[in-house]
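Chains as they are written, first to last, in our numbering: chain V, 1 to 145; chain A, 1001 to 1145.
None of these hints come from the bench; they were simulated from the model.
These numbers come from a predicted model, not from an experiment.
Here are the simulated lysine to any residue pairs, SDA-like style, with alpha carbons at most 25 Å apart:
id, chain 1, residue 1, chain 2, residue 2
1, A, Lys1043, V, Ala89
2, V, Lys43, A, Leu1087
3, A, Lys1043, V, Ala98
4, V, Lys43, A, His1092
5, V, Lys43, V, Ser4
6, A, Lys1043, V, Pro97
7, V, Lys43, A, Leu1090
8, V, Lys43, A, Ala1002
9, V, Lys43, A, Pro1097
10, A, Lys1043, V, Arg103
11, V, Lys43, A, Ala1089
12, V, Lys43, A, Pro1094
13, V, Lys43, A, His1091
14, A, Lys1043, V, Asn96
2 protein chains.
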Amino acid sequence: MAISSRFIVGVHILTLLAQSQGQPVTSEWIAGSANTNPAVVRKLLGMLAKAGLTTSQLGAGGGALLARSAADITLLDVYRAVDGSELFALHHEPPNPACPVGRNIQSALLETLTRAQRALESELASQTIATVLGSVLAGPCPQPT
Amino acid sequence: MAISSRFIVGVHILTLLAQSQGQPVTSEWIAGSANTNPAVVRKLLGMLAKAGLTTSQLGAGGGALLARSAADITLLDVYRAVDGSELFALHHEPPNPACPVGRNIQSALLETLTRAQRALESELASQTIATVLGSVLAGPCPQPT
DNA sequence: CAGTGTGTATCTAGTATAGTTACACACTGG
DNA sequence: CCAGTGTGTAACTATACTAGATACACACTG
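Generate the whole structure from the sequences, applying the supplied hints.
Below, the structure written as structure tokens:
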């Protein structure tokens, strides 16, 4: 369990907003669909808004909205917005520079780890909220009516 | 920091064993190079041994050894040995099946997440302990002598 | 101007990591 | 044969992160 559930819940939220077609969606409604707490949803919406993916309409009849087209939001955008730390941890304490292996191991691995992370990110970049919504609506038992 | 430091320390350990050319290496010596605690090293060695990557020689003059050639141990083997959980977490509580999005979001994302994880793993599979050792020894200030 | 819903703060519980100490036991080497 | 070495493992600690939960001020709508 390396990448927190914030990622999938973030995608869930944005997919709901995409489905709502410009109607503001309340955090309480989102929480009902994701089966979590409204405050958790609001925390995630804060991160998504800071990343420029959503906006909020305050006051009565308010709620969350997509800040841009669902086709312009990739899963990589979501990943970076809610989970954007380095994928691979290094040694807690820097290794012993007096040892040839300790001195060079981190830089020797850097390129490989960067490539691995980039490979993962490029897969995430290939999907958008629009394609996810398409898959969701094509699923079993689509919207009643 | 999604993938724990166990991974890079595991690679560090195996690289040291590869460098030692069949001489057993004690956990204390490894801990000195990785700048950590011998018990932590022994815990990692236990995981690596269970995965068939290392063996141990008990008793005086004992220590850890590679169980097979350094060229036959990929970084993916190490990753799986010490960190082998699912990369992406799902919702803590399953989403609401009464909502079209909640009902289908997980299966809609499954293929993409699997592809992303596989892309990362395939990068890790492309490097072996032997190639890492090569990079380490080619680094600045190689072995004195 | 009343009411709604966000944004934020705070607290909790649960879990994972990594460090540390301690000790029984298997094995080596003389 | 036996003293000593080093592993394997357990128990405990500190730290950090996640996610759930409650509470409340404030902006905004209608």
